[in-house]
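Visitor: Guided by the hints, dock chains G and Y onto chain R, whose structure is given.
Chains as they are written, first to last, in the working numbering: chain R, 1 to 251; chain G, 1 to 282; chain Y, 1 to 201.
Since the hints were made in silico from the structure, they are not lab data. In this text, a Cβ means the ideal position worked out from N, Cα and C, and glycines have one as well. Hints are not guaranteed to be accurate.
For each label pair, taking beta carbons as the anchor points, the in silico distance ranges come out as [stated by the list, open to error]:
1. G230(G) with H54(R): 36 to 44 Å
2. T13(R) with L234(G): 48 to 56 Å
3. P112(R) with I101(G): 27 to 35 Å
4. Y74(Y) with E125(R): 36 to 44 Å
5. E125(R) with L234(G): 52 to 60 Å
6. R18(R) with W80(G): 38 to 46 Å
7. R274(G) with P108(R): 29 to 37 Å
8. R246(R) with D56(Y): 52 to 60 Å
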Amino acid sequence: MSAELSAMALARTYARGRGLQPLSTTFGMGLTVIAGPNGAGKTTLLRMLATTLHPGSGEVHWCGQSVTRDPIPYRRVLGYLPQAFAVYRSWRAADFLTYMARLKGLSPEVIPSRVAAVLRSTGLEGRQSLAIGTAAHGELRRLGVAQALLAQPRVLILDEPFAGLAPEDRTSLIAMLATYARSNLVLLSSHLLDGLGSHAARLLILHEGRCLVDASPPDLLDDLGGHGAEPAPPNDDRMLEIAYRRVLDQA
Amino acid sequence: MRPREHNSRDLHGQTVLDDGLGLPQESRLARTMQRLAGVEGPGSEPDRLARMLAAVRQAQDVEAARSPAPDSSVTGHSLWLAVQAQVKVVRLPLIGAAVLILLLGIVVGPLWLEPICTPLLALAPPIAVLGVGYAFRSLDGGMNELERACPVRPFELALSRLIVVVGCDILLSLVLLPFNTGYALLVGAGPGLLLDWLAPLLLASGVSLLAIQRFGSVLAVEVGMMIWLGFIALHVLVQRQVVTIDETTGIAVWLCSILAGLACFAAGVAWFNRSGLQGARA
Amino acid sequence: MRSPTYEGPQLESDEELMRCWQRGRVEALEALVVRYHTPIYHYLFRLTCQHALAEDLTQDSFERLVTARALYDYPRPFRPWLYTIATNAMRRHFETAYYRHTLLVDRVESCGVAEACDTPHHALDLSLKRQELLDLLSALTPAHRQVIVLRYVEGFALAEIAAIVQAPLGTVKTRIVRALDRLRALPSERDEREEAAHATA
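If we strip away everything but chain R, and leave its shape as in the complex, we get (with noise of 0.2 Å):
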């Protein structure tokens, strides 16, 4: 069985009637882009992917088995950024690093050049020393998807890994979930679009709970009537944004 992500009939209701509804889909590898606004599900979904929120009903299957009744292998190979993302405020970077390398079964000989490298990958290059309680919102994030990509996961999972990060940031940390999504699975959520359109290999659009749409990007434009007759380019950002707010108007 390839390496794949299954959801199957994966639903999760709250009390105020927000949520999942049933939703079957497989991941496979390369970059998947869930977007949506608030309130459609992105973080329920992603949340039940990485085992984290137990689902309503349905399963998730990776390679095959379930991971829903046995989560421990899966969480091997998964890395995981939730969206509401928080570090002991007394620590510096170095020892939540070590923390998490230490949660994911790391070896200690193997911990420091781990932490050196993931900090590299982020932009966080030499910043060890980085204090959580006074560092900025964007290099925390950055530190929270560093923290994901410790155990050189399979399977990347990330809610909102964009927010409130400068558009240079976002532009080089895209580029580097990019390449890494060329061997390895990786889903990320996101409320915009902006430079991810060149790079995702598909697009989830999700709202109140439903998935709208389930495309490639030259897809969603050519559907659209992005260019009309030919298929749009697929770095076209600025057309995909539109064609994603018109997904969203017509719901």
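Guide: Relative to the frame of chain R, chains G and Y by itself:
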């Protein structure tokens, strides 16, 4: 909400039927569609059928042979890694502070604390309660979400924190026991002394562990402190002979307290494990 | 060794066979394979125009059917569900950035043609038809190809197509309209319409 069905209508001004498109293009391309339907792939149908049947039989064998979910049993290696990780949570300066406080208590205790109570009874339980509150303070926070996604079983996480916090406190207290000038082990007052501080330590910190998962760290520490104060009060009352408890009853009370404390720890670890394995259910 | 041909229940519906298989009757699954291995293969071949790939994806589809057994809710229509599985199998194959803009190969698959034909004329006829198919389908994007084949070859209703390709109903209609427009614009199609117009004039 029903999806809008007017896209085709707007683009081409045609009436859109419930299922058909009613477009002139369809009839004009009818021959094309017929050709499309007539073209099929090459290959031998019996060979393909044999291959497909073999594949589904093998897939069924694989499904049937899938091993059941592994037990959530402790693996020594992963628990040790979790303990090493928890040292980062309960930082070494905190443990150092606990050592200093207990040493200070042993030194100044005979002057100020006796004959009210032994220094260990006065100092060990609250240090353990504060340690539980500190180590488990992140249960509802963003750190908990990160920890849940790690390949460490929740009860291993809970055990590792308890080993660092409460285990360290018990170990420290045992090490410092012989230095208590009032109650040296050599004069045979050992068992009573052990019961004196071990019972409130275990009960207060065990109840705090249960309470912190339901009511948060502040309330949990308050509950633990109240239990400790209750033990202090009982000890003073017995010492001043306001309340009389014979030795057997005293030992029984203390032993029950220790057992109750251990039961609270076990329940707290089980609760932590259940909520961690199942993920958030709120 | 078990025989590759199966003579089992002929009269049970697809949905009843699925329910029987869910209850443990392995022969019910094999009956479904007998019924659908050819239609699914041809469906995938029309979308990919590659014989070997279509066979691999057909096998992949039935293997996924085995693992998804517990998810079937009787009496949900089985045929659209199976086509959804097959469509997803094909989509995953083409989902990486490299394949995202890959159109059909521009040469006719030669393997298997000679063995399937009785005469050289038959072989030539088949290869011409496949070339026509390639010309037609290569003018369409993968998303358009899917909806055209599902609509006009497999005969699914629009709502069923929307479920299979996991897109809103409006999007499916738009894709069909655009696909038809592009097919009409093909030179070969314009020539045919002109010939037909002259013949009736």
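Visitor: Each of the hints needs a verdict: does it hold here or not?
Guide: Checked hints:
1. G230(G) with H54(R): 36 to 44 Å: With a Cβ separation near 38 Å, G230(G) and H54(R) satisfy 36 to 44 Å, so the hint holds.
2. T13(R) with L234(G): 48 to 56 Å: Because 50 Å falls inside the window, the suggested range holds.
3. P112(R) with I101(G): 27 to 35 Å: Holds: the Cβ-Cβ distance is about 33 Å, inside 27 to 35 Å.
4. Y74(Y) with E125(R): 36 to 44 Å: violated, 57 Å
5. E125(R) with L234(G): 52 to 60 Å: holds, 59 Å
6. R18(R) with W80(G): 38 to 46 Å: With Cβ atoms ~42 Å apart, the hint holds.
7. R274(G) with P108(R): 29 to 37 Å: holds, 30 Å
8. R246(R) with D56(Y): 52 to 60 Å: 37 Å Cβ-Cβ, so the 52 to 60 Å window is violated.
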